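Start from the sequences, fold in the hints, and give me the full structure.
Residue numbers (the working numbering), protein chains in the order written: chain A, 1 to 59; chain B, 60 to 409.
Take the hints with a grain of salt, since some may be wrong.
EDC-like cross-link-like pairs, simulated, lysine to aspartate or glutamate; straight-line CA separation at most 16 angstroms [said to hold, decoys possible]: (1) A:57 with A:9; (2) B:130 with B:165; (3) B:382 with B:245; (4) A:40 with A:9; (5) B:130 with B:245; (6) A:38 with B:245; (7) A:27 with B:358; (8) A:17 with A:50; (9) A:49 with B:342; (10) A:40 with B:342; (11) B:110 with B:245; (12) A:27 with A:39.
Simulated from the structure, these hints should not be mistaken for laboratory data. This one's a predicted model, so the numbers in the text were calculated from it and none came from an experiment.
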Amino acid sequence: MPQKTRPVERIAAAVAKCPHESAAYGKCVLADYNNMSKDKCLAEFLRLKECFTAAMKKR
Amino acid sequence: MRPSLGRFGYPKSVRGYAVQAPGAPTLDVFSRRTKWLQKERAARDAETSRKVDYVRDEVAARLCERLLDIKRHFPHVLDLGANACNIARILTRPNPDSYSAAPVYEPLSSRVSALTAAESSRSLLHRDEDLPFNNEIAITRHLLASDETLPFAPHTFDAVLSSCSLHWVNDLPSVLTQVNNILKPDAPFMAAMLGGDSLFELRTSLQLAEMERRGGIGIHMSPLADVRDVGGLLQRAGFRLLTVDVDDIVVDYPDSFALMADLQAMGESNALAGRDVPPIRRDVLVAADAIYRALHGNDDGTLPATFRLIYMIGWKEAPQQAKPLERGSGMVSIKDVLEGQRTGGKSGNR
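Here you go:
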């Protein structure tokens with residue numbers, strides 16, 4: 001059976017390429033997680049998403 | 060037609076009986092069809108399915124260890140919700156107590172004359188049919204039409220085991236009562252089910268991610284029974300001499316995607332009934348992974364996932380069975396015992 005890469009594996013690989021952005025976003029959420037609201041960490045997430053999207057395209 | 064009048068000129072009221080629907084009304088929390096589909100799909104890829112058996116195997120092993128404490132021969136045992144017959148495979152292992160230095164035991168299967176493995180997913184039930192362990196234990200595979208109706212005669216089994224499957228049952232009181240019914244008197248029911256705070260890391264990360272990204276939370280994980288409920292449930296089903304305890308299995312994963320992929324391969328994805336929420340968005344998944352890492356991640360970069368297992372043992376009532384002593388008949392004060400231990404053993408406080 002030919003092994004094909006599942007979408008979830010592609011996402012995992014792309015996320016793994018952005019450890020700094022991921023850590024920054026995580027830190028931002030963690031800073032005040034009892035009082036979460038929409039787009040609280042938008043800036044950090046957009047940076048993470050930019051890196052993630054680039055990593056997804058690269059392969 | 061005029062209504063007939065009573066003594067004081069009022070129409071005679073007609074009273075009906077207040078009738079309750081037979082049995083307690085039950086609410087289906089989980090969709091049985093969804094769960095069945097997930098299991099069937101998962102088991103079709105036998106190789107992947109076997110790879111993710113680690114939780115079920117470990118739980119089955121810990122459950123079977125408890126059988127060692129009962130010095131009996133079991134002519135006929137039921138494995139309820141057998142998944143891929145993990146209990147049968149563990150029973151045939153030479154030494155079920157992997158943590159003890161004690162000498163190697165005879166496989167537990169030598170104390171079981173016949174094992175019936177009952178499961179509603181055909182592919183999962185027959186997945187390991189061709190493996191060698193099937194020859195070492197007299198196993199019958201029984202395909203259940205429904206996980207919640209047990210088609211066995213009363214007083215059939217000398218023990219009922221169940222590992223990692225009761226957490227998908229909608230009407231647990233009914234199933235436990237049926238189990239009690241099919242047991243012979245003075246026969247044990249031993250089960251392990253996922254419960255309580257299982258996978259709380261994933262749950263909290265997804266919730267935080269959805270709140271931050273979308274401003275609200277969706278239900279992506281099925282609810283689980285709580286430890287506190289289990290004792291009451293067993294008692295309600297008529298079991299005696301109850302034992303309930305909790306055990307955590309923590310598994311480290313490289314990332315949250317690996318965890319979710321494994322859960323899917325186990326056939327343990329969310330199966331809430333009326334699940335009209337769309338799949339989780341990719342943005343949320345990416346966010347949840349970052350939050351999981353920040354909130355719960357290990358120092359070495361792996362992500363821990365806690366599987367909390369509730370083990371329960373209950374015995375069917377029998378006249379000659381040992382009974383708890385009368386209230387107030389205790390001769391030793393537990394307070395003295397505990398305090399004696401704390402102060403390094405007072406002498407002569409028996």
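Verification of the supplied hints:
1. A:57 with A:9: holds (14 angstroms)
2. B:130 with B:165: holds (13 angstroms)
3. B:382 with B:245: holds (12 angstroms)
4. A:40 with A:9: Outside the cut-off at roughly 28 angstroms; violated.
5. B:130 with B:245: Satisfied, since the Cα-Cα distance of roughly 13 angstroms is no more than 16 angstroms.
6. A:38 with B:245: violated (57 angstroms)
7. A:27 with B:358: Judged against 16 angstroms, a Cα distance of about 15 angstroms means the pair holds.
8. A:17 with A:50: Within the cut-off at roughly 12 angstroms; holds.
9. A:49 with B:342: Status holds; Cα separation ~8 angstroms.
10. A:40 with B:342: holds (15 angstroms)
11. B:110 with B:245: violated (38 angstroms)
12. A:27 with A:39: Answer holds: residue 27 (chain A) to residue 39 (chain A) is near 14 angstroms, not above 16 angstroms.
Of the hints listed earlier, those the structure fails to meet are numbers 4, 6 and 11, in rising order.
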